[in-house]
Amino acid sequence: MSTPRHDSSRDDAHDPAAAEAGPGARPALVPVRFEPSGVCVQVAVGTKLLEAARAAGLPVASACGADGVCARCGMRVLEGADALAPETPREVEIKRRNRIDAELRLACRTEVRAPLVATTTYW
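Residues in the sequence shown are numbered from 42 upward in steps of one, following my numbering.
Note that these hints are calculated values from the structure, not bench results. Note that this is a predicted model, so its numbers are computed, not measured. Keep in mind that a hint or two might mislead.
Said to hold, decoys possible - The calculated label-pair distances, taken between Cβ atoms and stated as ranges, are:
hint, residue 1, residue 2, range
1, Ala102, Gly65, 34 to 42 angstroms
2, Arg137, Ala66, 25 to 33 angstroms
3, Arg140, Ala69, 21 to 29 angstroms
4, Arg140, Trp164, 38 to 46 angstroms
5, Glu144, Gly79, 19 to 27 angstroms
For glycine and all other residues, C-beta sits at the position ideal for the given N, C-alpha and C.
Modelling step: build the complete structure from the supplied sequences, incorporating the hints.
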(Lines of atoms letter the chains of each structure in order from A and count residues from 1; the text may use other names and numbers.)
(Lines give C-alpha, C1' and ligand atoms only; values in the text may rest on other atoms or scores of the structure.)
Protein backbone atom coordinates (compact mmCIF):
# COMPACT_ATOMS: atom_id res chain seq x y z
CA MET A 1 0.00 0.00 0.00
CA SER A 2 1.40 3.37 -0.98
CA THR A 3 1.65 6.20 1.49
CA PRO A 4 1.15 9.91 0.92
CA ARG A 5 4.35 11.70 -0.05
CA HIS A 6 5.23 15.09 1.40
CA ASP A 7 9.01 14.98 1.12
CA SER A 8 11.76 13.12 -0.67
CA SER A 9 12.05 10.30 1.89
CA ARG A 10 10.72 6.95 0.70
CA ASP A 11 11.03 3.22 1.10
CA ASP A 12 10.86 1.70 -2.39
CA ALA A 13 10.83 -1.84 -0.97
CA HIS A 14 7.34 -1.25 0.43
CA ASP A 15 5.93 0.97 -2.32
CA PRO A 16 4.21 -0.90 -5.20
CA ALA A 17 4.29 2.14 -7.47
CA ALA A 18 8.07 2.39 -7.09
CA ALA A 19 8.50 -1.34 -7.61
CA GLU A 20 6.58 -1.18 -10.90
CA ALA A 21 8.68 1.74 -12.12
CA GLY A 22 11.93 -0.11 -11.45
CA PRO A 23 14.65 -0.03 -8.81
CA GLY A 24 15.38 3.45 -7.51
CA ALA A 25 12.53 5.04 -9.46
CA ARG A 26 10.19 7.42 -7.69
CA PRO A 27 6.48 6.65 -7.82
CA ALA A 28 4.35 9.08 -9.76
CA LEU A 29 2.79 11.76 -7.59
CA VAL A 30 -0.64 13.19 -8.32
CA PRO A 31 -2.57 16.05 -6.71
CA VAL A 32 -5.72 15.39 -4.70
CA ARG A 33 -7.80 18.42 -3.74
CA PHE A 34 -10.53 18.34 -1.12
CA GLU A 35 -13.50 20.70 -1.25
CA PRO A 36 -14.80 22.93 0.16
CA SER A 37 -11.52 23.61 2.00
CA GLY A 38 -9.39 23.62 -1.15
CA VAL A 39 -6.66 21.71 0.68
CA CYS A 40 -4.46 19.88 -1.82
CA VAL A 41 -1.90 17.13 -1.24
CA GLN A 42 0.44 15.26 -3.56
CA VAL A 43 0.19 11.49 -3.12
CA ALA A 44 1.74 8.48 -4.78
CA VAL A 45 -0.33 6.69 -7.38
CA GLY A 46 -2.09 3.83 -5.57
CA THR A 47 -2.67 5.74 -2.33
CA LYS A 48 -6.14 5.19 -0.87
CA LEU A 49 -8.36 8.27 -0.94
CA LEU A 50 -8.81 7.88 2.83
CA GLU A 51 -5.03 8.14 3.36
CA ALA A 52 -4.88 11.22 1.13
CA ALA A 53 -7.60 12.96 3.17
CA ARG A 54 -5.83 12.15 6.42
CA ALA A 55 -2.54 13.42 4.96
CA ALA A 56 -4.38 16.66 4.18
CA GLY A 57 -5.30 16.90 7.86
CA LEU A 58 -9.00 16.33 7.23
CA PRO A 59 -11.18 14.18 9.47
CA VAL A 60 -12.62 11.10 7.81
CA ALA A 61 -15.52 9.14 9.26
CA SER A 62 -14.67 5.47 9.75
CA ALA A 63 -15.89 2.99 12.33
CA CYS A 64 -14.32 -0.15 10.86
CA GLY A 65 -10.64 0.79 10.80
CA ALA A 66 -10.64 1.23 7.01
CA ASP A 67 -11.70 -2.38 6.40
CA GLY A 68 -14.44 -1.38 3.97
CA VAL A 69 -17.29 -2.51 6.19
CA CYS A 70 -19.00 0.54 7.71
CA ALA A 71 -19.24 2.71 4.55
CA ARG A 72 -18.93 5.88 6.62
CA CYS A 73 -15.95 7.09 4.58
CA GLY A 74 -18.07 7.66 1.47
CA MET A 75 -16.77 10.56 -0.64
CA ARG A 76 -18.06 12.18 -3.79
CA VAL A 77 -15.42 12.47 -6.50
CA LEU A 78 -16.11 15.79 -8.23
CA GLU A 79 -13.32 15.59 -10.81
CA GLY A 80 -11.21 12.66 -11.96
CA ALA A 81 -13.77 9.89 -11.38
CA ASP A 82 -13.20 8.58 -14.90
CA ALA A 83 -9.64 7.59 -13.93
CA LEU A 84 -10.74 5.50 -10.93
CA ALA A 85 -11.02 1.74 -11.10
CA PRO A 86 -14.61 0.53 -11.31
CA GLU A 87 -16.26 -0.32 -8.02
CA THR A 88 -15.80 -3.88 -6.90
CA PRO A 89 -18.89 -6.00 -6.22
CA ARG A 90 -17.94 -5.85 -2.54
CA GLU A 91 -17.94 -2.03 -2.55
CA VAL A 92 -21.34 -1.97 -4.27
CA GLU A 93 -22.78 -4.45 -1.75
CA ILE A 94 -21.36 -2.57 1.27
CA LYS A 95 -22.90 0.68 0.02
CA ARG A 96 -26.25 -1.02 -0.66
CA ARG A 97 -26.31 -2.70 2.75
CA ASN A 98 -25.46 0.58 4.52
CA ARG A 99 -27.85 2.66 2.36
CA ILE A 100 -25.06 4.86 1.02
CA ASP A 101 -25.59 7.00 -2.09
CA ALA A 102 -24.55 4.98 -5.15
CA GLU A 103 -22.52 7.96 -6.45
CA LEU A 104 -20.19 7.95 -3.45
CA ARG A 105 -16.96 5.98 -3.38
CA LEU A 106 -15.62 4.33 -0.25
CA ALA A 107 -12.43 6.28 0.48
CA CYS A 108 -10.84 3.28 2.20
CA ARG A 109 -11.25 1.17 -0.98
CA THR A 110 -10.60 3.79 -3.67
CA GLU A 111 -7.06 4.17 -5.01
CA VAL A 112 -5.90 7.48 -6.43
CA ARG A 113 -4.63 6.94 -9.98
CA ALA A 114 -4.76 10.47 -11.41
CA PRO A 115 -5.46 14.02 -10.22
CA LEU A 116 -8.84 14.31 -8.55
CA VAL A 117 -11.11 16.51 -6.48
CA ALA A 118 -13.28 15.00 -3.73
CA THR A 119 -15.69 16.09 -1.03
CA THR A 120 -17.99 14.62 1.59
CA THR A 121 -21.10 15.83 3.35
CA TYR A 122 -19.51 16.29 6.78
CA TRP A 123 -16.77 18.80 5.90
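Evaluated hints:
{"no.": "1", "hint": "Ala102 to Gly65: 34 to 42 angstroms", "verdict": "holds (38 angstroms)"}
{"no.": "2", "hint": "Arg137 to Ala66: 25 to 33 angstroms", "verdict": "violated (40 angstroms)"}
{"no.": "3", "hint": "Arg140 to Ala69: 21 to 29 angstroms", "verdict": "violated (36 angstroms)"}
{"no.": "4", "hint": "Arg140 to Trp164: 38 to 46 angstroms", "verdict": "violated (21 angstroms)"}
{"no.": "5", "hint": "Glu144 to Gly79: 19 to 27 angstroms", "verdict": "holds (22 angstroms)"}
Checked against the numbered hints above, the structure violates hints 2, 3 and 4; every other hint is satisfied.
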